[in-house]
Amino acid sequence: MDNTRVYRMTFASVYPLYIQKAEKKGRTKSEVDEIIYWLTGYDEKGLQAQLDQKNDFETFFKQAPQMNPNVSLITGVICGYRVEEIEDKLMQKVRYLDKLIDELAKGKTMDKILRKPGVVK
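Quick note on this note's numbering: the sequence shown kicks off at 1 and runs consecutively.
There may be inaccurate statements among the hints.
[What the hints assert, rightly or not] Label pairs and their in silico Cβ distance ranges:
#, residue 1, residue 2, range
1, 17, 109, 32 to 40 Å
2, 48, 84, 16 to 24 Å
3, 81, 17, 26 to 34 Å
[What the hints assert, rightly or not] Distance condition first, Cα-Cα at most 20 Å in a straight line; then the derived SDA-like pairs of lysine to any residue:
#, residue 1, residue 2
4, 89, 70
5, 112, 30
6, 54, 106
7, 99, 114
8, 89, 66
9, 112, 33
10, 106, 17
11, 29, 8
12, 62, 29
13, 54, 112
14, 99, 49
15, 112, 6
16, 99, 7
Everything labelled a hint here was simulated from the structure, so no lab data went into it.
Beta carbons: idealized from backbone N, C-alpha and C, even for Gly.
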């Protein structure tokens, strides 16, 4: 599968769609941001810089301060693929984010989404 198109999409063009998806289900922009911070290690300033620079997904993840060490706890199907089985590491990171935003929109608690210790899926 050629993932070049996805990698070249600007994160800034998709970010509002994540927020829109969450807000349609009664969730908030701050929850979307918290998910992004947890997954990538960005803080508010770093995320805003990525948005302002209109970096593509490849750059967004390449410049991420640190992927969360608990990403391996993110499992399940997104876009017809099991996220834990995606071999392309960059596409896996993109799908991890998609999966977490989906969980938010489906009403999961933030503790479950952020894979907090002691919280059952």
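Here is how each hint holds up against the structure:
no.	hint	result
1	17 x 109: 32 to 40 Å	violated (23 Å)
2	48 x 84: 16 to 24 Å	violated (31 Å)
3	81 x 17: 26 to 34 Å	violated (19 Å)
4	89 x 70	holds (15 Å)
5	112 x 30	holds (16 Å)
6	54 x 106	violated (28 Å)
7	99 x 114	holds (11 Å)
8	89 x 66	holds (14 Å)
9	112 x 33	holds (16 Å)
10	106 x 17	holds (15 Å)
11	29 x 8	violated (24 Å)
12	62 x 29	violated (23 Å)
13	54 x 112	violated (30 Å)
14	99 x 49	violated (24 Å)
15	112 x 6	violated (27 Å)
16	99 x 7	holds (17 Å)
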